[in-house]
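Enquirer: The primary structure of each chain is shown beneath.
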Amino acid sequence: MLATNEIKKMISEILEIGSKSGEGHIPSALSVLDILWVLYDRVLKVDSKNPRDINRDRFILSKGHASLGLYAVLARKNFFSDEVWRSFGSFDSLLGGHPDRNKVPGVEASTGSLGHGFPMAVGMALALRIKNTPARVFALIGDGEANEGTIWESSLLAAHHKLSNLCCIVDSNHSTDRALLVNNLSEKFKYFGWDTIEIDGHDHDEIYAALNTPISREPLAIIANTIKGHGVKMMENDPSWHHRIPSAQELGEALSSLK
Amino acid sequence: MRKQLVKTVQSILATDDNVVLLLGDIGVWGFREAFKLYPERVFNIGILEQSTISLSAGLSMSGLIPVVHTIAPFLVERAYEQLKDDFGYQKLGGNFISVGASYDYAALGCTHHCPADVGILSNIPGMEIILPSTAQEFDTLFKQTYTNGHPTYFRLSERQNEQSYNIEFGKAHLVKQGKLATVIAVGSMLKPVLAACQDLDVTILYYTTVFPFDVEAVRQNSQSGKIIVCEPYYSGVLAPKILEAVYPNSVVIKQIGVPRQFLTNYGKAEEHDKELGFTAENIKQKVERLIAL
Chain A
347 MLATNEIKKM
357 ISEILEIGSK
367 SGEGHIPSAL
377 SVLDILWVLY
387 DRVLKVDSKN
397 PRDINRDRFI
407 LSKGHASLGL
417 YAVLARKNFF
427 SDEVWRSFGS
437 FDSLLGGHPD
447 RNKVPGVEAS
457 TGSLGHGFPM
467 AVGMALALRI
477 KNTPARVFAL
487 IGDGEANEGT
497 IWESSLLAAH
507 HKLSNLCCIV
517 DSNHSTDRAL
527 LVNNLSEKFK
537 YFGWDTIEID
547 GHDHDEIYAA
557 LNTPISREPL
567 AIIANTIKGH
577 GVKMMENDPS
587 WHHRIPSAQE
597 LGEALSSLK
Chain B
140 MRKQLVKTVQ
150 SILATDDNVV
160 LLLGDIGVWG
170 FREAFKLYPE
180 RVFNIGILEQ
190 STISLSAGLS
200 MSGLIPVVHT
210 IAPFLVERAY
220 EQLKDDFGYQ
230 KLGGNFISVG
240 ASYDYAALGC
250 THHCPADVGI
260 LSNIPGMEII
270 LPSTAQEFDT
280 LFKQTYTNGH
290 PTYFRLSERQ
300 NEQSYNIEFG
310 KAHLVKQGKL
320 ATVIAVGSML
330 KPVLAACQDL
340 DVTILYYTTV
350 FPFDVEAVRQ
360 NSQSGKIIVC
370 EPYYSGVLAP
380 KILEAVYPNS
390 VVIKQIGVPR
400 QFLTNYGKAE
410 EHDKELGFTA
420 ENIKQKVERL
430 IAL
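Residue numbers (my numbering), protein chains in the order written: chain A, 347 to 605; chain B, 140 to 432.
Any given hint might turn out to be false.
[To be verified] As a list, the in silico DSBU-like pairs of lysine-lysine whose alpha-carbon atoms are at most 35 Å apart:
(1) Lys423(A) - Lys230(B)
(2) Lys223(B) - Lys391(A)
(3) Lys282(B) - Lys315(B)
(4) Lys146(B) - Lys366(A)
(5) Lys449(A) - Lys380(B)
(6) Lys508(A) - Lys175(B)
(7) Lys391(A) - Lys605(A)
(8) Lys282(B) - Lys230(B)
(9) Lys423(A) - Lys508(A)
(10) Lys146(B) - Lys449(A)
(11) Lys175(B) - Lys534(A)
(12) Lys230(B) - Lys508(A)
(13) Lys395(A) - Lys477(A)
(14) Lys230(B) - Lys477(A)
(15) Lys423(A) - Lys355(A)
(16) Lys310(B) - Lys449(A)
(17) Lys230(B) - Lys449(A)
(18) Lys534(A) - Lys223(B)
(19) Lys536(A) - Lys175(B)
(20) Lys330(B) - Lys310(B)
(21) Lys223(B) - Lys508(A)
(22) Lys477(A) - Lys282(B)
(23) Lys142(B) - Lys477(A)
(24) Lys391(A) - Lys146(B)
(25) Lys223(B) - Lys366(A)
(26) Lys175(B) - Lys315(B)
(27) Lys477(A) - Lys146(B)
Just so you know, these hints were derived from the structure itself, not from any lab.
Using the sequences and the accompanying hints, generate a full structural model.
Expert: As structure tokens, then:
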């Protein structure tokens with residue numbers, strides 16, 4: 347399948363570029379890669395030649411540490427060159443460990459500190475309504491990020507103001523369950539007044555269908571069940587890989603396992 | 140001042156469709172007409188300051204001009220990281236108007252005091268900090284700055300000066316010229332400074348904008364080499380800026396400001412003023428001592 351090949355190529359790039367730079371949260375990027383690919387490939391109305399078009403859909407990667415995944419997709423979609431992509435993490439690169447809206451074409455918000463991107467997305471959705479712009483706003487948060495109070499403050503705000511143009515995708519990989527359980531996010535968002543849907547966050551058809559859920563009067567939360575490090579067996583659900591860079595040998599093994 | 144806040148912001152809501160007002164569940168009665176006239180752009184957003192600041196950054200990214208209004212400690216200290224990351228780092232414009240400066244809410248206790256606001260906000264590159272000290276000055280400064288694309292903090296105080304001056308954003312106002320020392324009065328400190336210095340041969344510089352700091356005004360008005368700076372917040376914010384301004388000349392600087400301690404007494408703000416020495420008599424004494432050095 348084309349998508350699978352594309353995903354494999356992007357996983358290879360994330361592994362190689364992350365390893366070369368010695369920076370990046372590789373498993374977090376792999377956790378969200380399928381979601382990001384479906385979003386940019388089939389759902390978002392965005393134009394890499396005019397990334398600030400006022401009528402565009404907006405996407406905010408609230409869990410900014412998964413930036414390698416976003417950069418892989420933006421590079422594939424020609425928001426910037428392969429050369430820029432391969433400069434990740436170097437001193438004068440446009441691409442850092444967390445995305446910067448003032449540097450990276452296609453990046454809507456500078457995120458990093460958790461719990462900021464989602465309320466910014468709520469503000470964007472409110473702004474689009476004020477301006478009568480019929481675009482949508484998508485935010486991707488982590489289930490660990492849902493420890494932050496601003497996630498729930500923003501959920502209240504979005505539901506209260508009936509921001510039906512807003513979709514929150516939760517990358518639910520359970521990696522922070524060891525610290526604090528946020529059990530049953532679907533029910534929690536429902537209680538906060540959102541429409542909710544739960545999917546396999548690595549199944550492209552399910553992701554696509556969820557992102558195209560008919561718009562109601564409420565904001566939409568998609569709880570995407572994912573595997574941190576998905577696609578690279580040695581990293582899957584292993585917390586020690588959170589911010590670890592593979593050695594040359596580990597990189598070789600990881601790349602071979604993709605073939 | 141609060142009446143002027145309503146008057147000024149409401150007049151701008153009428154003329155500028157891009158302005159969006161977010162109230163942190165205060166000032167709702169004052170803005171009742173604005174709620175009726177502009178329901179799509181005026182919100183009592185609730186008691187969630189961190190998300191309010193991030194949300195307002197989302198508005199700003201989308202071409203709107205947010206005006207956020209709530210009590211100083213909640214706006215500045217609780218939502219500091221949002222101001223830093225979402226506005227400072229992202230280089231976005233927004234307007235943040237506080238009430239409850241320093242210990243204006245003296246009897247409510249230290250949770251409602253905020254003498255640290257100017258100092259901590261001054262650590263955010265690009266943050267503009269304005270202390271209008273009459274109703275007219277607020278109107279002038281807000282209208283001069285609200286669209287300028289920078290994050291701007293307006294620190295409103297219950298304490299006001301008696302006279303408005305022909306002020307300009309980013310510029311100090313030369314109130315009077317003298318030979319023996321320079322007295323820098325920030326915001327509402329001008330009132331006791333004027334009373335203290337009426338018979339003294341000193342220069343008085345009045346600052347309503349502290350960031351960006353008007354370097355030239357100090358440089359050109361500090362020939363005596365003796366400067367006393369009166370700040371209505373935790374002292375020590377402007378002294379380094381003054382030293383930079385006069386370099387390579389040397390000056391003696393005396394600072395009067397709120398001491399770094401919790402003010403655990405209640406009562407009226409004026410009682411705290413007296414306790415802290417924010418009186419004309421005390422300021423006069425300190426200026427005379429500096430002159431005598």
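Enquirer: Take the hints in turn and mark each one as holding or not.
Expert: Hint check:
1. Simply put, Lys423(A) and Lys230(B) have alpha-carbon atoms about 26 Å apart, close enough for the 35 Å limit, and the pair holds.
2. The straight-line distance between the Cα atoms of Lys223(B) and Lys391(A) is roughly 31 Å, inside the 35 Å bound, and the hint therefore holds.
3. Between the alpha carbons of Lys282(B) and Lys315(B) the distance comes to roughly 26 Å, so the proposed pair stays at or under 35 Å and holds.
4. At roughly 58 Å between alpha-carbon atoms, Lys146(B) and Lys366(A) are farther apart than 35 Å, so this suggested pair is violated.
5. With a C-alpha separation of about 31 Å, the suggested pair Lys449(A) and Lys380(B) falls inside the 35 Å cut-off, and the hint holds.
6. A distance of roughly 20 Å separates the Cα atoms of Lys508(A) and Lys175(B); the hinted pair therefore holds under the 35 Å criterion.
7. Taking the CA atoms of Lys391(A) and Lys605(A), the gap is near 32 Å; set against the 35 Å cutoff, the hint holds.
8. A threshold of 35 Å between alpha carbons decides the hint, and for Lys282(B) with Lys230(B) the separation of about 20 Å falls inside it, so the pair holds.
9. With a CA separation close to 32 Å, the supplied pair Lys423(A) and Lys508(A) stays within the 35 Å bound.
10. A C-alpha spacing of about 39 Å is found between Lys146(B) and Lys449(A), which places the hinted pair above 35 Å, so the restraint is violated.
11. Restraint check for Lys175(B) and Lys534(A): satisfied, since their Cα atoms lie roughly 34 Å apart, inside the 35 Å limit.
12. Distance check on the hinted pair: Lys230(B) and Lys508(A) sit about 29 Å apart at the alpha-carbon level, within 35 Å; holds.
13. Taking the CA atoms of Lys395(A) and Lys477(A), the gap is about 23 Å. The hint holds against a cut of 35 Å.
14. A threshold of 35 Å between alpha carbons decides the hint, and for Lys230(B) with Lys477(A) the separation of about 22 Å falls inside it, so the pair holds.
15. Of the pairs offered as hints, the one joining Lys423(A) and Lys355(A) holds, with about 13 Å between alpha carbons and a cut-off of 35 Å not exceeded.
16. For the proposed pair Lys310(B) and Lys449(A), the alpha carbon gap of about 33 Å is at most 35 Å, so the pair holds.
17. Taking the CA atoms of Lys230(B) and Lys449(A), the gap is about 12 Å. The hint holds against a cut of 35 Å.
18. For the proposed pair Lys534(A) and Lys223(B), the alpha carbon gap of about 30 Å is at most 35 Å, so the pair holds.
19. Restraint check for Lys536(A) and Lys175(B): the C-alpha separation of about 31 Å stays at or below 35 Å, so the hint holds.
20. For the proposed pair Lys330(B) and Lys310(B), the alpha carbon gap of about 19 Å is at most 35 Å, so the pair holds.
21. Distance check on the hinted pair: Lys223(B) and Lys508(A) sit about 29 Å apart at the alpha-carbon level, within 35 Å; holds.
22. The hinted pair formed by Lys477(A) and Lys282(B) meets the criterion: a straight-line CA distance of about 23 Å does not exceed 35 Å.
23. Annotation: proposed proximity of Lys142(B) to Lys477(A) holds, straight-line Cα distance about 29 Å (limit 35 Å).
24. The hinted pair formed by Lys391(A) and Lys146(B) fails the criterion: a straight-line CA distance of about 41 Å is larger than 35 Å.
25. A C-alpha spacing of about 31 Å is found between Lys223(B) and Lys366(A), which places the hinted pair at or below 35 Å, so the restraint holds.
26. Restraint check for Lys175(B) and Lys315(B): not satisfied, since their Cα atoms lie roughly 46 Å apart, outside the 35 Å limit.
27. Straight-line distance between C-alpha atoms of Lys477(A) and Lys146(B) comes to about 25 Å, which keeps the hinted pair within the 35 Å bound.
Hints 4, 10, 24 and 26 from the list above are not met by this structure, while the remaining hints are.
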